[in-house]
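Q: Model the full assembly from the supplied sequences, consistent with the hints where possible.
Protein chains in written order, with my numbering: chain A, 16 to 131; chain B, 16 to 131; chain C, 16 to 131; chain D, 16 to 131.
There's no promise every hint is true.
No copy labels: a pair is met if it fits in one copy or bridges any two.
Straight-line alpha carbon distances no greater than 25 Å define the calculated DSS-like cross-link-like pairs of lysine-lysine that follow [as the list claims (entries may be wrong)]: (1) K100 - K119; (2) K46 - K100; (3) K85 - K54.
Hints listed in this document are in silico derivations from the structure and should not be mistaken for laboratory results.
Predicted model, so just to flag it, every value in this text is computed and none were measured.
Protein chains: 4
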Amino acid sequence: MGPMTESGSPADPGLVGEGDEPTAHGYITDKDRYLARLKRIEGQARGIHRMVDEEQYCIDILTQVSALTKALESVALGLLDDHLKHCVVDAARMGGPEADAKVKEASDAIARLVRS
Amino acid sequence: MGPMTESGSPADPGLVGEGDEPTAHGYITDKDRYLARLKRIEGQARGIHRMVDEEQYCIDILTQVSALTKALESVALGLLDDHLKHCVVDAARMGGPEADAKVKEASDAIARLVRS
Amino acid sequence: MGPMTESGSPADPGLVGEGDEPTAHGYITDKDRYLARLKRIEGQARGIHRMVDEEQYCIDILTQVSALTKALESVALGLLDDHLKHCVVDAARMGGPEADAKVKEASDAIARLVRS
Amino acid sequence: MGPMTESGSPADPGLVGEGDEPTAHGYITDKDRYLARLKRIEGQARGIHRMVDEEQYCIDILTQVSALTKALESVALGLLDDHLKHCVVDAARMGGPEADAKVKEASDAIARLVRS
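A: Structure follows, in structure tokens:
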């Protein structure tokens, strides 16, 4: 059981941030960065709405849609990485059906991303 | 030249909507529908921002990101279809280097969409 | 009708290659290159089969699957560009319901590509 | 440490199949199914080569390319799920830098899939 004691017990609360701060899902470290990126994404969506309203050139609108899709994809990959690092790894340490359920849930989310 | 007179001369202004309305790029027929869809997309982006701010569950956020990506993809495919129907078809009728340029531009936009 | 006579009549057989060679669909110019790329793709598929059979490392297999997907995507974008350049442009010149049908068919193929 | 003893120690060899069989990477249970799917994928690639060689209709070829891409994507998602279930979960149980490295490697593979 050496590796477990070296790397923290499976129930180590420090990993999931269940202290007195409000966070529950582990991606708090980058929260401000995510929020800034999502603000930009909102702005991009608003910009595309305006381009259609002003009847700008179709290809230019499509270029903006592709850029927005890539920005979203990048946020999704970041969130997924955080999720694997925290929730899935923690659940794996706990073991049991919860670990299997977390992996299945993550795989389903990955499939949705790959197919969207 | 029978088919051309039956289907309208290549310079038929009815196809590109160059009347006295401000439209220049031919997707005016569905403009209200596009604007409504883009408003919803803006709302979805705002909703994802809020979910991250409230630190909702990662997988639920990813589900919303996939839904938003699909909604954007659907708008892009609609715009592209309109573009082929109007700009590319009109340019093809005109012929010459303009037609080649329009096809290249459309192919490049398709490649960006497929890769995003 | 100036532009039409300058750029060739819509029924110009030179555009679709309906000479005495067997080609009917216009992408003949790059045929050897497509065949070579598809041979490589077949080889990549065979390589992935072998990697699974030899139980090589999962991530290495996934890297090869991504490379194969990209190679296929690139062939698809090339074929689509050829299709727009030849079939869609020729149909647009002919005009009438055939032109609409060709654009719809192309848009449907693009949607399948974007979603796959 | 209760959860660990209930769900098996992190070094439980039964999970990674390190018995006397040749398997090293944990996706052995479905190996025959993967091999059959990859054989079909090879056949699909060969069929697309033949379609181009026979100069079949572009759109029909694109339909087959989309089908092949979807088949590959499905194999990739299966392999990734197996990888998370086995390698990543096992590494997480071990803990330490190895667990982090496995998650990073999985995230990178997911990013390549999403972007391909």
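Q: Each hint: holds or not?
A: Taking the hints in turn, this is what the structure says about them:
1. K100 - K119: Classified as both: same-chain Cα gap 15 Å, cross-chain 8 Å, threshold 25 Å.
2. K46 - K100: This pair counts as within: shortest intra-copy Cα distance 15 Å, inter-copy 28 Å.
3. K85 - K54: both (15 Å within a copy, 19 Å between copies)
Checked against the numbered hints listed earlier, the structure breaks none of them; every hint is satisfied.
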